[in-house]
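As they're listed, the protein sequences go chains B and D. If you use our numbering, the first sequence closes out at 212, no skipped numbers anywhere. If you use our numbering, the second sequence closes out at 212, no skipped numbers anywhere.
None of these hints come from the bench; they were simulated from the model. Wrong hints could be hidden among the right ones.
Remember, identical chains collapse to one label, so a pair may be satisfied in a single copy or spanning two.
[Said to hold, decoys possible] Computed list of lysine-lysine pairs in PhoX-like fashion (alpha-carbon distance at most 25 Å, straight line):
no., residue 1, residue 2
1, K175, K9
2, K92, K117
3, K92, K9
4, K163, K97
5, K92, K175
6, K203, K117
7, K175, K203
8, K92, K203
What follows is each chain in one-letter form.
Protein chains: 2
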Amino acid sequence: MTGPQFDEKFREQLYSLFQWRRDVRSFRSDLISTETLLELLNVATLAPSVGNSQPWRFVLVEDDRLRESVRENFRRENQAALEDYENEDAQKYARLKLSGLEEAPVHLAVFVDECSKEGKGLGARTMPEVKTYSVILSIHTLWLAARARGIGLGWVSILDPQKIQETLGVPARWKLVGYFCLGYPAEENDVPELERLGWQDRKCIDEFLTIL
Amino acid sequence: MTGPQFDEKFREQLYSLFQWRRDVRSFRSDLISTETLLELLNVATLAPSVGNSQPWRFVLVEDDRLRESVRENFRRENQAALEDYENEDAQKYARLKLSGLEEAPVHLAVFVDECSKEGKGLGARTMPEVKTYSVILSIHTLWLAARARGIGLGWVSILDPQKIQETLGVPARWKLVGYFCLGYPAEENDVPELERLGWQDRKCIDEFLTIL
């Protein structure tokens, strides 16, 4: 069996997708159709998972009282984070827009079921964290598929994860991996906002690579 | 600023890439050029990272004594894992080829530097695990870019991670995220081997999705 061969033109577009995929915090009000959303979630399940354990659990949060509770969680933790910075960093941090929770048409919480029986534990004996890593792979797959449809995703990690689990009432054995906003982005850019605003520069591969 | 628009043809190819990306455990002996390898590592750094912290640390393991130590680590842990299974599962497990450590032309260990100063802790206060998640995103980016060049990647998690850190002598604050084999795959398939061999079936999105 021989798989598809990808050509130089595809690779250029793929690299362009990587370059233009952003963490999006400002969304237009346009809705995402249910059909598109289900397509993206289906594509996400093409991600690799350890032992084929498929430990991803997706929760679409549509109820506005639940959404408001998540926003309140974010506001509280973002204020606490701001108080950790001083001087110029504090001023810069206060100016950053770090979530699109207010306006994003789609809220998606993603969990890992670390106790799932699927895969019979294969590959997860000495490094059980690989189940969580599999969920990250599904999120990234969804993220790229979304951007290829012109849809942005924003990862909100400035949250108390335990409170999110309580707010959403998910099974106790599920662990929050991330909370995500999806929608059409208000702007596009090929440079991360934190780099453009002088928070953190991009570094060179030489600084990350060791050869033994 | 307006980014690239991706068309239906690109999306079909992208989904085909997701569908044909495999965890590869059987490699041909063909080498990967240094130029290609550096291209893939560079592309990996286009991945998102929390606070733009870029906490990925890549170690190419070329020394054969180090590689042999990693293989020995795998053999020991794989034998221990086998002993956890009984009856039919044990027979199936024993027949699986779970790593290409013997023949893969490239060994790549990937670590997270959880103490890196880059990003000034932004987004990692309540969920510090997002730094590790950022490294997973870079690995997946490399994985997809590799497959788009016809190169396979295999994730080896059946290892004692602490012993890998000692073997490779990396800084104590680095934590092993994964150990990877890269090379041209001996075969291609659009269905995971664990599904084809009856270890674990693919499940449907309905089993993973909750709407609140």
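The hints, checked one at a time:
1. K175 / K9: neither (40 Å within a copy, 37 Å between copies)
2. K92 / K117: Only across copies: K92 and K117 sit 17 Å apart there, 46 Å inside one copy, limit 25 Å.
3. K92 / K9: Classified as neither: same-chain Cα gap 40 Å, cross-chain 41 Å, threshold 25 Å.
4. K163 / K97: Answer is within: at 22 Å inside a copy they meet the 25 Å cutoff, but 42 Å across does not.
5. K92 / K175: neither (32 Å within a copy, 30 Å between copies)
6. K203 / K117: between (41 Å within a copy, 12 Å between copies)
7. K175 / K203: Only across copies: K175 and K203 sit 20 Å apart there, 32 Å inside one copy, limit 25 Å.
8. K92 / K203: within (20 Å within a copy, 45 Å between copies)
Violated hints, listed in ascending order, are 1, 3 and 5; each of the other numbered hints is respected by the structure.
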